[in-house]
Amino acid sequence: MLLLLLPVLSALASAVEVKRPRGVSLTNHHFYEESKPFTCLDGSSTIAFDWVNDDYCDCQDGSDEPGTSACPNGRFHCTNAGYRPQYIPSSRVNDGVCDCCDATDEYNSGFVCENTCKEMGRKEREALAQMAEVAREGFQLKQRLIEEASKGREDKQRTLAELQEGKKSLEQQVETLRSTKEAAEKPEKEAKEIHQKNWEEQRAAEQAAREQARAREAFQELDDDGDGLVSVAELQTHVELDVDGDGTLSETEAQTLLGNALQADASSFQDSVWTAIKENYKPEGLPDAAPLPEAPAEEAPEPQPDLPPEQPAPEDDYDEEEEDEADDDESNEEEPKVPPPKQPSDKVEEDVEKLPPYDEATQALIDAAQKAREQFEEAEKSLKEMEDSIRNLEKEISFDFGPQGEFAYLYSQCYELSTNEYIYRLCPFNRVSQKPKHGGAETNLGSWGSWAGSEENKFSVMKYEHGTGCWQGPNRSTTVKLTCGKETVVTSTTEPSRCEYLMELVTPAACQEPRDPSAADHDEL
Amino acid sequence: PSPRLSSRLGMAALVWTALCLASAIAVDRSNFKTCDQSSFCKRQRSVKPGSSPYRALLESLQLSQDSMKLQLVNEVNKVPLLLELYGLQGNMMRIKINELSPLHPRYEVPDVLVRDPPATWLAVTGRDDNSVELALGDSGHKLILTGKPFRMDLLQGRELVLSVNSRGLLHFEHLRHRCACPSPSFSDKVSSSVGSLWDKIKSLFHREEPKESAPADGTASEESEAAVPGEQESKEDRPDQAEEELGSWEETFKTHTDSKPHGPTSVGLDFSLPGFEHVYGIPEHADSLRLRTTEGGDPYRLYNLDVFQYELYNLLAHNTQRTVGIFWLNAAETWVDISSNTAGKTLFGKMLDYMQGGGETPQTDVRWMSESGIIDVFLLLGPAPSDVFRQYTTLTGTQALPPLFAMAYHQSRWNYNDEEDVATLDEGFDTHDIPCDVIWLDIEHTDGKRYFTWDSSKFPQPRNMLGHLAAKRRKMVSIVDPHIKVDSGYQVHNEIRSRGFYVKTKDGSDYEGWCWPGSAGYPDFTNPEMRAWWASKFSYDQYEGSMENLYIWNDMNEPSVFNGPEVTMYKDALHQGGWEHRDLHNLYGFYVQMATAQGLEQRSGGLERPFVLSRAFFAGSQRYGAVWTGDNTAEWDHMKISIPMCLSLALVGISFCGADVGGFFKSPDAELLVRWYQLGAYQPFYRAHAHLDTVRREPWLFGEENKALIRAAIRQRYALLPYWYTTFYHSYRSGQPVMRPLWVEYLDDVTTFSIDDQFLIGNALLVHPVTEQGAHGVQVYLPGKGEVWYDVHSHQKHHAPQMLYVPVTMSSIPVYQRGGSIVPRKERVRRSSDCMHHDPYTLYVALSPQGTAEGDLFIDDGHTYNFESKAQYLHRHFSFASNTLTARSADSKGIFESPAWIERVVILGAGKPAAVFLRQSGMPEMRLDFQHEPETSILTLRKPGVNIGADWSISLR
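Residue numbers (the working numbering), protein chains in the order written: chain D, 24 to 548; chain W, -13 to 943.
It should be emphasised that the hints constitute simulated quantities derived from the structure, not laboratory data. The beta-carbon is built from N, C-alpha and C at its ideal position, and this holds for glycine as well. Each hint should be verified, as a subset may be incorrect.
Once the Cα atoms are required to be at most 16 Å apart in a straight line, the calculated EDC-like pairs of lysine to aspartate or glutamate come out as [as the list claims (entries may be wrong)]: (1) D:Lys190 - D:Glu408; (2) W:Lys444 - D:Glu444; (3) D:Lys179 - D:Glu419; (4) D:Lys301 - D:Asp265; (5) W:Lys28 - W:Asp416; (6) W:Lys444 - D:Glu419.
Residues of chain D placed beyond 10 Å of chain W at every Cβ, according to the derived structure [to be verified]: (7) Arg45; (8) Asp77; (9) Asp78; (10) Asp81; (11) Pro112; (12) Arg115; (13) Asp118; (14) Ser132; (15) Ala184; (16) Asp269; (17) Gln293; (18) Glu383; (19) Gly462; (20) Thr517; (21) Ser520; (22) Arg521.
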């Protein structure tokens, strides 16, 4: 407001030239009256008027030498017609450096300065106009952003509410499905058990029949004389039945095997003798029993060193796309992809006799239960997902996106700036990073910390902290300065101090409400 | 900048050791040699005091107009030496000892002496069987030369001033062919065979020290036998076997092997200074000003390293009656032992000796040991400190008069990142209204550490940047180091290589070491053609992007070689003329700065005075620019130690010295930074500098209050620039140091002899900077019987001598003006010194108790040689006596027009006059307005308005 006004004032000033000592502003000129002794502005002393601007400092406050460099604490006023009036320290009067655009500060130094005020005024007005234009448009954009943010916020809150509502019903649903599942699993279990039991019984019966057949065969084999009885002698022909390990089957031993009898008929052989000898008995005329096929030794291949894939520290997950990319990058460098360890094969089990297929009724029960399980699991998964969404939403809603939420649109966006060496990437409210252009690891320049502007303008500066540590130094951090503009773009990145980065982000969200220049004029005049 | 934290902190470690404090950072001192690890030092030091095996052949004496020549012979190995003595004008004497006929020439240091010192007459005034007495010119000094054992005693009247070889430590390793013969148990045989000879020699000594001279028995025998030359040899054809046992032909330190094709070549000699308890000099040791004794420890080492930056060669001994200097001119690695017969005594013991009139006379013994070259020593016979300074600087030259801006404030950092950063910095000084003359660019400004180039993305338009600074009347300094990147795409490298200007390895190929750019060659700055070529690289068309306001900084010029032994070059590397690096190591940095300064001179057609800052230096470096104390740390003790470090340098002619304000490594807190700015404002070279890894510390980054304190300190510097400039002019003219220890001005005040926490600038200002954290006050010693001092801030008067307790706040910089002096100031402090060039002066007239004062002022254009070549200068003299202040020319040869005038005269200690009149010839007497403050007795005369070049007088009536 004041800035826009001043050119008007100075135009006035130059139009109505008021005679006053050099270096005195129009506002102060009444303190300097040629006809009277001059009293220092701080009242400390009074001097003859011809000591004013006589190039000797008499006043402690420097007020007697507004137009010379005599006082260390004096101020020189340049009118700068066509531009902005300005006070400069007295030490810059006649110092051979052009400070005032109207060149009035170099009146006796031998240096020639050009009056550049008009040019500067023009440039400034242009710049101001441009800035005002930008500010105006930016501010309009900001209004839209605010609207969007507020709508977005409402949407999100609504979504959140819906989600929370949905969550409740989903929870109920999950419970229902759990009951259904459990209800279906009970008959399934029973039917399966029956099926299993039947099968086992059947297998036992078959086994017994096989035993009987073997006993029969053995009996016939042993009963050399075909008298329907196995005698001690007949038994003794099978040395392998030797009990005490002396290599022969003695009579006594044979008798014992025959149940302390001298012979056994088919029935008693089958009932008792067979049980005693079947382990060692070798049928005649057959080669030695082939060695049992060795249980297929499960020589598991040397287990792959089980590298738990080093997940990068869990990052905020609202920015999945970004994260994925980042993860890819990191995994490319840090962990070679390890093929999953081979699943041990199920082949072993196959040697065991397979359970016969379920009967229709049982299968129906199983299918029903399976369906119930799947439904339950799906519901449970949906619930988890919903809970995640709720958490993310809650988190997003909890961010401070500015007094009117105007910065909300930056959330989950990223902006890049490419310099000679690096690509800088700012993901507002998330992190800042730097990646060498010609290959090399990405460096974290800080994760979202807080708004860090001055008290009046808290939302003009963002602070990102705790980035990758510096050798012998602090952890990297980045300060992001926000300025008003029509677009959202990172305009510069510097490292003023080692590992302390400074970024400038132009955004409409930083635009202030433009003041109506005409209104200001009216106010002031 | 620094190569590695660990190595550069070596200096820090020394500081800590000296102060007996524990350092928080472990420093690997083992990367640098002790005397024991330097084979020649060990050999030399193992020569114990006793009877010297050297005999002067008096019959060989040849006396010419201005010199005397005489042969010395080592009675044991019979190798003849040539002793040359010169009486020099101005009360000096030169002693040279070389081999009479060395196998090949031994190195004699060139280019350090400004000319062949003019000799005076010598005459033989007496003679007997075993001695000759010589008179040295008109100085009244006599030299008694004793034949056997060889020693020399210098007397003035009946008083013994100093003795040479009185402890028999002369040890001259002659050049020889390498012997293939085995060495075992040789010394046993020798010692038995020379036993009788030894006794014979011993009995001939005038002043023997039996307990030391007898061949030690038991465990020590091996060493002393090996060491005392007298025991080594009895047959001429046998080499000095013992010398060969101790790394004479090859030596390994860490992983580095030094081949020694010339074998043992070291030289050593001792001096005794009876009556002297206080010795100073030997910069640049990070230690107290006064040298400690080195008995039981390591000697002081003079070997330019990227850590110690130890240097220099002159040593001063001072007592209340006399000051003498010993200047040992040798550019090889050198060690100095100092011992004192009073070192172990308590103060009470010394007092007792004194009161009883008995006891021993205090005595200091000094011993110099150098690895190669010859013995070339100058005895500077004073008798006053100012005489010694004059004598030393007639030999090696005085401090070059720096351009005025170089005495102003310098802002440096490793690194200001780019042109925008520089522009912001420049603007910052104006925004915060803090004066600044120079902005510095460290190595990062170059294209990949290729000096003479610019990083094209960070500094695309260096001339624009320089032009912008020039418009503010500011300057810039860029770094140009002497290691050259080996890169066939780098023209500087290609030229040096094709011209064969690189230092060579012992095998004759170009030597390559490792430094900032990676693999780097080291130009042979000892070659005058190379220096001429180097100088030509600074012309504006050669150094692209350079302009008149760009000046140069030579860092790493020890030379620093990251992968070399002790971070420097191999000693067997070869220079022009086939000299080994061993012979001239300590000259390398001197030559780098010389060539660079010549370059800056030449680019202006010889008109402009150069400014070059160097880290390494040698005797004579004062002729080429400024030095700084190297890479210090942001700690209180490092700040404090900068005072004795710069004072030591000042004593050996190098006045333009400073320390990195704020400390190079680590980050200072606000209090330390403010105190350092306050200290730096009163040291000759005033530059803030910081390591790449430190946080920014421009003066305005520490809050308004601290900014105001820093601004005030810098402004004090600028206001005093006329006084600094005048004091530098005196240094240039007469060799007197700019920054001085108190004893230089107060010769007979023993209290001042050990003071190194305060100092003088010129002879008028005494500074006691606050160097303690959280200080509430300081103890200031005001010297001078019957003198007075005025606090320059409050103008309060103090009587001297006294130890004054001064309470301090954060804004305090205790500075006192000596009663009897007149100090010119410019009180209109502007953004740079150049802006103040035509500003008026204020004279501060501090009255002595007798109501007198005097002072002077030197003015010229501030930057050219016209003051020298065309006598374009003003040297004004001011004196106050009998209530009249008079201005006249101090030097009628100088003529210079200046628009500057006198705006104010402040008389401290004055009563209130009735009236004040200004008188100028040809003008009516004019009445001046004035103000008088009765409480402080300050009389301020308003606006005399006379031109600074005019003669006038002001009388108080």
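No chain W beta carbon within 10 Å of Asp269 of chain D's: Consistent with the label, Asp269 of chain D stays out of reach of chain W, its closest Cβ about 81 Å off (over 10 Å).
Quick check for students: does the CB of Glu383 of chain D sit more than 10 Å from each CB in chain W? holds (80 Å)
Distance rule for Arg521 of chain D, whose beta carbon must clear each one in chain W by more than 10 Å: Incorrect as stated: the minimum Cβ-Cβ distance to chain W is 5 Å, not above 10 Å.
So Ser132 of chain D supposedly isn't at the interface. Is its beta-carbon more than 10 Å from every beta-carbon in chain W? With a cut-off of 10 Å, Ser132 of chain D comes too close to chain W, as the shortest Cβ separation is near 8 Å.
Asp77 of chain D remote from chain W - nearest C-beta pair above 10 Å: violated (8 Å)
Would the hint linking Lys28 of chain W and Asp416 of chain W be met if the CA-CA limit is 16 Å? violated (57 Å)
Assertion that Asp118 of chain D lies outside the chain W interface [Cβ separation over 10 Å]: violated (4 Å)
So is Arg45 of chain D really clear of chain W, every C-beta pair being over 10 Å apart? Given that every Cβ of chain W is farther than 10 Å from that of Arg45 of chain D, nearest at about 16 Å, it holds.
Would you assess whether Ser520 of chain D, listed as outside the interface, keeps its beta-carbon beyond 10 Å of every beta-carbon in chain W? violated (4 Å)
Since Pro112 of chain D was said not to touch the interface, does its Cβ keep a gap of more than 10 Å from each Cβ of chain W? Its Cβ does come within 10 Å of chain W, the nearest being 6 Å, so this is violated.
At 10 Å, judged by beta carbons, does Asp81 of chain D keep clear of chain W as stated? violated (8 Å)
Assertion that Arg115 of chain D lies outside the chain W interface [Cβ separation over 10 Å]: violated (7 Å)
Checked against the numbered hints listed earlier, the structure breaks hints 5, 6, 8, 9, 10, 11, 12, 13, 14, 20, 21, 22; every other hint is satisfied.
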